[in-house]
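Colleague: With the hints as constraints, model all of the structure from the sequences given.
Number of protein chains: 2
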Amino acid sequence: MAFNDLFLRACRLEPVEMTPVWMMRQAGRFLATYRALRKKADFLTMCKTPELAAQATLLPIDELGVDAAILFSDILIPVEAMGMALDFTPAPVFAEPIRSEKQIQALRIPDPEESVPFVLEAIRILRRELTDRVPLIGFSGAPFTLATYMVEGSGSKNFIEVKRLMYQEPDLFAALMEKITETDTRYLNAQIAAGAQAVQIFDTWGGILTPEDYETYALPYTKEVIDGLNRDGVPVIHYVGTGSALLPLIKTAGSDVVGIDWRIRIDEARRILGPDTAVQGNFDPTALFAPVPEIQRRVKEILHRAGDAPGHIFNLGHGILPPTPEDHAKALIDAVHTYSRK
Amino acid sequence: MAFNDLFLRACRLEPVEMTPVWMMRQAGRFLATYRALRKKADFLTMCKTPELAAQATLLPIDELGVDAAILFSDILIPVEAMGMALDFTPAPVFAEPIRSEKQIQALRIPDPEESVPFVLEAIRILRRELTDRVPLIGFSGAPFTLATYMVEGSGSKNFIEVKRLMYQEPDLFAALMEKITETDTRYLNAQIAAGAQAVQIFDTWGGILTPEDYETYALPYTKEVIDGLNRDGVPVIHYVGTGSALLPLIKTAGSDVVGIDWRIRIDEARRILGPDTAVQGNFDPTALFAPVPEIQRRVKEILHRAGDAPGHIFNLGHGILPPTPEDHAKALIDAVHTYSRK
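Line by line, the protein sequences are chains A and B. Residue numbers 73 to 414, in our numbering, belong to the letters of the first sequence in order. Residue numbers 73 to 414, in our numbering, belong to the letters of the second sequence in order.
Be aware that a few hints might be false.
Same chains, same label: a pair holds when it works inside one copy or across any pair of copies.
Straight line, CA to CA, 30 Å or less: simulated DSSO-like cross-link-like pairs of lysine-lysine [what the hints assert, rightly or not]: (1) Lys229 to Lys120; (2) Lys295 to Lys414; (3) Lys372 to Lys174; (4) Lys402 to Lys229; (5) Lys402 to Lys174; (6) Lys120 to Lys251; (7) Lys251 to Lys111; (8) Lys112 to Lys295; (9) Lys323 to Lys229.
These are calculated hints, taken from the structure and not from any lab test.
Modeller: Structure follows, in structure tokens:
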């Protein structure tokens, strides 16, 4: 097999013979083979066992024919290495969320080779396995999203605790964000050094903020991470959940690619982002519950709106949902390839 | 006291001497007096007892000095009258969610005077109580949001069941939406006939849809409700949660006022909506956890961005959260009045 570099070329705004496609959470519970693998180990053990993480990463490459692999891991892995006990129940939980200056002072800025060697080893294994196949994407959470989990202690509906810290103790919040930013930068650079061929920064919760708050409390730290990366030839993808209204700001963080959800039409997103930024998205993951002809119609519509200019990576606007029928996911991948082929 | 019609004048794009303000869920758990009242009766009993509903409605008028009252009730009250058993645990739950054609056929289109007389009686009581004070807003859920609860059976994270129905059985979904639309129109017209001086349509979940799906599955039904209202002198407010990216479509539903969340700057929203549509919003409810000077700064910023053109009703971008400090809510109301006074 020849190495398929469609994904990397699209990230670099180079011409492609067909639109590359992968799916956020493509190595996940919607795959029967993943659920079988998970019977051997719990989620954190999977993340921390390079062979298992690599095996999970490869499943959608084998089964779906996606054009990129994304490391099987979790955005909170480096946070645990900062000194916070992490559990999955199955949602992530920090038993002792950050609520004081003392806790922030106690956080470490860990050396990735020492603290998360299993992540880097999984990347090295995967690069060997994927040599003649597809590129490997590494990833991390954006500082704001990581801070949100660290302060709330878990997912949240209204994010009152992190907002309290932001608004009532802005200096403490900044001190926390600086430690996370440094950790994040080192973590992504270690992934790049280990062989990640692109990196995606997930700002899952950035879209809960007003534009002004996003600009003050989230954007500068993400920009600092991006500015600190050893990017030579390694595209950076920046995804902000529910971020449609923030696209003009997100562009200024300086990534090569911006990931968008399904709440905005992709032609409008491309207009806002301009010709120098590639776009990743924007299929509504719940539309995978539609009949296959309707999935195909929606793929065509997005491809049509994305237009002929280079720089579109097809993806979902959010992670694939566990009850998604596998054959519908496969139909999506096939439709992208079929309808976009030049 | 003289009747305060600031709110109605702002809805009608008439000049005002200061910006009117009210808060979504202003008669709610954040008020100690409301929590005391709730010790007498559960939530549904409160909704169904006109004297108690009226009493709750009046609390924020007495305590906060808001410029409008909004009926204490729930968007699912008319759905119960369609024939679905409703419970609050405290979140709303339908024990038998809609999953079949037979269930849709069995739904009634209820006569409001027969099925929800308590709502109309609460409005009549309130109009007497409020004669020399502020206007009374009635409300309903938008058809799409009501359908979402009816099909999911409760709130949802990913709305898979309603999407399944929409995408797999579009004719059934349309049949359901038509019954809801007719029910909703009658319900709001009955509120207007009973004395509601404005009505707000809450489309809490409209923002989960792609623009194309919003245009197909939600917008036409909301528009049909609005077109069917006896609007003579009664402004219609249309609020779509997480609807920033949908504003050009929302405008076409034809309301007098569009409610916006905090994810878009209000000047940008006004630019999109144009000078003929008033705007309601857009303070982030979590910013009420900020210190009072920061709340005041944010109020000034929104007033400044809203500009001098008539047609701004100050509000939160979503319902006020139960843990909100009461004195912070009061500080918001006072700041709007102080800083906007001509």
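Colleague: Find the hints from earlier in the document that the structure breaks and name them by number, from lowest to highest.
Modeller: 2, 3, 5, 7, 8
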